[in-house]
Amino acid sequence: MEHIRTTKILHHHIGSVEKLALTTSGCPLVIQCKNFRIVHFIVPRERDCHDIYNSLLQLSKQAKYEDLYAFSYNPKQNDSERLRGWQLIDLAEEYKRMGVPNSNWQLSDANREYKICETYPRELYVPRIASKPIIVGSSKFRSKGRFPVLSYYHQNKEAAICRCSQPLSGFSARCLEDEHLLQAISKANPANRYMYVVDTRPKLNAIANRAAGKGYENEDNYSNIRFQFVGIENIHVMRSSLQKLLEVNGTKGLSVNDFYSGLESSGWLRHIKAVMDAAIFLAKAIMVENASVLVHCSDGWDRTSQVCSLGSLLLDSYYRTVKGFMVLIEKDWISFGHKFSERCGHLDGDPKEVSPVFTQFLECVWHLTEQFPQDFEFNEAFLLQIHEHIHSCQFGNFLGNCQKEREELKLKEKTYSLWPFLLDDQKKYLNPLYSSSSQKFAVLEPNTASFNFKFWRNMYHQFDRTLHPRESVCNIIMNMNEQNKQLEKEIEDLESKINKCKNEQIDGVLTKELLHPVHPESPIIKTSLCFKEQTLLPVNDTLRTIEGSNPADNRYSEYAEEFSKSEPAVVSLEYGVARMTC
Amino acid sequence: MEFAELIKTPRVDNVVLHRPFYPAVEGTLCLTGHHLILSSRQDNTEELWLLHSNIDAIDKRFVGPLGTIIIKCKDFRIIQLDIPGMEECLNIASSIEALSTLDSITLMYPFFYRPMFEVIEDGWHSFLPEQEFELYSSATSDWRLSYVNKEFAVCPSYPPIVIVPKSIDDEALRKVATFRHGGRFPVLSYYHKKNGMVIMRSGQPLTGTNGRRCKEDEKLINATLRAGKRGYIIDTRSLNVAQQARAKGGGFEQEAHYPQWRRIHKSIEREGASILIHGTEGTDSTLQVTSLAQIILEPRSRTIRGFEALIEREWLQAGHPFQQRCAQSAYCSSKQKWESPVFLLFLDCVWQILRQFPCSFEFNENFLIMLFEHAYASQFGTFLGNNESERCKLKLQQKTMSLWSWVNRPSELSKVTNPLFEANSLVIWPSVAPQSLQLWEGIFLRWNRSSKYLDEAYEEMVNIIEYNKELQAKVNLLRRQLAELETKDGVQESP
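Chains as they are written, first to last, in my numbering: chain L, 1 to 582; chain E, 1 to 495.
You may find that some hints are simply not true.
Simulated pairs of lysine to aspartate or glutamate, EDC-like, Cα-Cα distance not exceeding 16 Å [to be verified]:
(1) E:452 x L:445
(2) E:60 x E:5
(3) L:497 x E:97
(4) E:474 x L:493
(5) L:485 x E:470
(6) L:214 x L:289
(7) E:474 x L:490
(8) E:474 x L:488
Simulated from the structure, these hints should not be mistaken for lab results.
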């Protein structure tokens, strides 16, 4: 049955289902997926189409977490394997790696029971001189109680990236504890007296927030801060920007002009640049001025997560490794309460909460990999695979909106962690050109002139096989690297065999020569010398064939299928049932 | 004319050169007949060695006694020279202006250039039409070489030797030439061995408003199709433009007179059919299309030598007016109407296909960039003149060096060879969706950003490939050694 092509789509990946007007060949059904796949079906009978449509609508919108795939996904591991999987990423270990706690920074137990901030993790690092009353006071002055805490500590510079939410300052409110906490952060940096406070929102948005009793820091009230807006738009602007982009991409017979003007008017790349510029601001503050930075937006879980994680990635090469990137996502996104379930629409909920904030982060990282092709241990497929799984609901990592919620869902007991599965498959995700020799604190200084920002075709058209290069340099070099390792091993084996052989012969000759002198011109030796050069692993034949022009082919599907094979929650529509026309 | 007359100030000291991504350098600026040279006189290296013919436009500015000249080059580089002294600066500027816009081709650098390398193969004889025809003559006898244009009398922009249908004699060709723009009668551009279908090209038919016909033209075109076969006449212009051309004596073929042919003004789906293609003159978009089609269809044109042969056949011999088209470039404000980046656009298309099939080409991006540069400014004579007739009169073969003599040496070839190349005998269909087309950064961002990290990554890729070859060779050697030892063992043990 292998010759029958099947197309599998996870219910959770379905973003929208649309039934189009009946045609002579049947009823068209269009499924738009969150991983940017668009599938057109033509169902011969309208009634069937209607049934499928209704079923898909119901199946793709779950009301409860417990109905999500992760709770039934079973990779046949026992409990201890599952637990070990969850323990793979250990944030306490990560803070230790950064160099905290130390004489200036300590672990605070203030939020151990989620009493101060429900959306923060239990373990938070704060300046040693910030007492608990200061922390509690500050948290009351910050939106959702998200007071300033450590996100990244730069050991060499002794400077820190901290994060929080907007202050509840309104037009004139002050909070001494908050002012103290900021001063404590400044003081925790012995190299520089002033610190930056970066409000990632556009200034107008921040001003508008003051009317609602929120707002931004008044430089006059805080000693030694330098306040800066960086102008990243909010989740609603980002959502509609992506929507516009996808509309352009989905246009039939798209012209070059329409593509570029559509790309331009979607504003998507402008937003990507804004995030990147903000991250560069952070990295420069630390590298050039030795200054600590406090970052916030409104609630401090979207733009703040983008900017803090990207800034850390520019500063610290560890986050550019496979494992380090997982740690970074666990730290700045999962643990600090980026609302994955709401932003990805895991459950049937408010569509206004959905926004491609994390996708933008991945795209920024992709842009960096394009500019610095040797500085990342992972390749593009890794980014795409992570993107696949923030929506797949197959693993527990991205379910829920904060750590407290995840604990209540008992995810570690009931679901599996994605990371060990990715690590097991690491080979697929390694960048063959990675040069690990780079220093730990080799900072990346990306060029953000506008021409560096380009459309990420392999993300937004990852399933449109015909749009991609037919020969992949990355895959060829990846396989060649792999083959080189095998060849090295084979050379070792051959050399030891040859040595063994030689030694035996010396022994043999010594004993045999006494009995039979060897004929030097033995005909058998002669013929054996003419043996044909054996072809080695057929790397070139298999790798360099032109990939099929079947539009249903998909370069990355193999990775996706790896996880979703023969699982009950997967739809399988074969050609016999419905014809695929995408 | 002496160059000395144009060079008002041959030398200025303390000039500062500013270039993107390099620190400013101070040195001595020298003007020669063909070059602008800036040397800091340290380590005997020149920081800048620029052909005047590469200069597209210059701007000058003054701040007090300090003059600044901004030089914009045809390869899109922009450099700045700070020159102390207003008079020196004005002199330098006007000299550069004069030297970069010489009227006479024979004053151009290729006529003065003395090669410092050993010529292994004279490029002027690397791609002779007779040899090229031999590649086809084994597969078909329907075509012949015609010497009707030997004296360039029938068509001034055609080469002396062309390939035409065997059944059409030279007399008929002369008549057809009078019916086609510029005398460009239909000739063979490409023969597809797999199915015998062909690509021909020509100038537009001179039908005019009253629908003039030419019996011989119809006979020639119809003779190229076997019974039952279909052909397409692709007019690269829109129908509207083609119709307007009739008012000026031009026009397009009436399908009624060419029964097996369909005329179209857009691209076609894949189908085994022959093609006649023309625009107005058949020297620009026509050549872009015929040569790109060959890149897609024919593996040979994706090799270094095959691509050179293609440039020679479909651009130089076919009469693309390089001299006119490349006289100025994008920065020049006083461009003539005949200037146009037709060849660059073609190279960009090739680059797009190369991006999509990175293993199917023997050459890399550097090769295309090199051709772009030499088309606009070069020490070699290859791209001088507008057609073979002009090149003959200029005696380029005797007086200048061919670009191919220089490129086809191992040391140069190694720079333009694609390490990923693996001969691919298939037709390569590129994607033309807007999402698949990219900005050619190697040309358009070359001087706007540092390519350090990309270059290093490329080098690393080359290293991995080289290492792989080494390991393969070593494994083969060891396997042989082991087999040898084992048979020895066998011999010894067998008795």
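Evaluated hints:
1. E:452 x L:445: holds, 13 Å
2. E:60 x E:5: violated, 22 Å
3. L:497 x E:97: Judged against 16 Å, a Cα distance of about 73 Å means the pair is violated.
4. E:474 x L:493: holds, 12 Å
5. L:485 x E:470: Between residue 485 (chain L) and residue 470 (chain E) the Cα gap is close to 13 Å, so the pair holds against 16 Å.
6. L:214 x L:289: violated, 30 Å
7. E:474 x L:490: holds, 10 Å
8. E:474 x L:488: With a Cα-Cα distance of about 10 Å, the restraint between residue 474 (chain E) and residue 488 (chain L) holds, given a limit of 16 Å.
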